[in-house]
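Asks: Sequence:
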Amino acid sequence: MEARVNDTTLRALLRDAARRLPDAAAVVDESRALTFAELDRLASRTARELAGLGVGPADRVVIVAKNRVEFVALEFALFELGAVAVPLNWRLRANELSELVADSGARVAFGDAAFRLDADRFDGRWFDLDRVGEQLGGDATAPRVAPPTDADAVAVQMYTSGTTGRAKGSMLSHANVDAMQRAWREDMPLTAGASRFLQVTPLFHVGALLMTASCVAAGATLRLLPEFTADRAAAVLATEGVTHALFVPAMLQWLLQEPSVRAGGAKDLELVVYGAAPMPVPLLRDALEVLGCGFLQGYGLTETAGVLTTLDPAAHRWPATDDPPRRLASAGRAASCCKVRVVDDAGRELPAEQPGEVVARGANVHVGYWRRDDADVDDAGWFHTGDVGYFDADGYLYLVDRVKDMVCVAGENVYPREVERRLLEHDAVRDAAVIGVPSDHWGEEVLALVVREAGADVDPARLIQHCRATLARFKCPTRVEWIDEVPRNAAGKITKAALREPYWRGRERKV
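Residue numbers (numbering that gives the first Met the number 0): 0 to 510.
All the pointers check out, no bait thrown in.
Keeping only pairs whose Cα atoms sit at most 25 Å apart, straight-line, the calculated DSS-like set for lysine-lysine is:
id, residue 1, residue 2
1, Lys-403, Lys-338
2, Lys-403, Lys-492
3, Lys-403, Lys-495
Calculated from the structure, these hints are not laboratory results.
Fair warning: this is a prediction, and the values are worked out from it, not measured in the lab.
The whole structure should be built from the sequences, with the hints applied where relevant.
Replies: Right under this line is the structure:
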């Protein structure tokens, strides 16, 4: 029987797994493997040592590290103390990390030696994850810490990607994460002691937090890679009996270029989870054919513990003689732990097929932003995602774009994601990003930044004409520029602000 978060905190998930499956593999990285009993003991020992340093309930503790066993153990140690884990993006520059650390108010930090932060900021309390026990020097024989029992207390503080502005610390409670992992596992069943989940997206991202909690709760093995590389992921899929994996679409595209994968080297896969960015239908069809397993999409935000809607495996199946169903382009239906609506500017719910802002309410919605009043929750308790979308008559949500990425051409709203999806359908296009750039005549015009397929020779005018075949003229690019790579953040989302900046530099208004 699973631990109930209403009785205790997320720490109970690991304790329960250690009781039920003490000798089963819990977490494995490139150099170390721990059973559930070993992970439980390491988390408890670390919690006792941290308590000796004065770390307690509500204290923020920063983690800056690639995916590794110690990262997971440290999170559960902090859950035991009632402290708050603050995982940060190790890809950030030192000055960017320092700003987030200062915002968090953390006085203790852990990380890989390569990402060491200024120890003075932590009164010298920076700990190398390779030498945690040696550096902490706490009493490992001290009594086990009695964990707080408030499920509504903050468990994790995750900084949003900040693609449209300054990053904010989204506070997720134990109850938020637990509600989400329970709902998520309705669509992603895991078998205790048998399922093996490959985690390649970074542990500082909310999707990885959800997968970690789901695996521990289910008693499944979490297989960590420090970061994604297609060749290493392909090797693990071929040799380690991986049954489940999470990839963003760009990763899946690279993975499918690996000869071993196309030759059937992922034969144990039962389910691939994807999200964070649109999945072009041609790529999805190729993945379905090559991998021959189930697929599950999750759409959500950091503020919703990672997921709001799911496109379940059944929705990915259709008769081979039929064209792909429309729903493959959707983000699925609302998860069982929340309600999702589409509303107009006045907050009125819109009928099917009419685009508006996506709002949500439920047990997975965060408790707010750290030290900020802008919780993005209206008076009726609905969280405003900033995403534009619409429902169809069957309840499938279709995302159109981000509100802040919207392009306004002579008063007409253009949603770049819609244009990007059309561009990606062209055989010569490997990747694409669409932004609004200044136009003295129209206010803004649509610019397509395109990565061509290797060896492809296509005229920009042909791509524009390709878009015009199915999109209103005002939505189509007026210019196409070639680029080598579409920049994305660690969550797999296009960094539109970085792409827009050169075109809007020196202008007072950015829209």
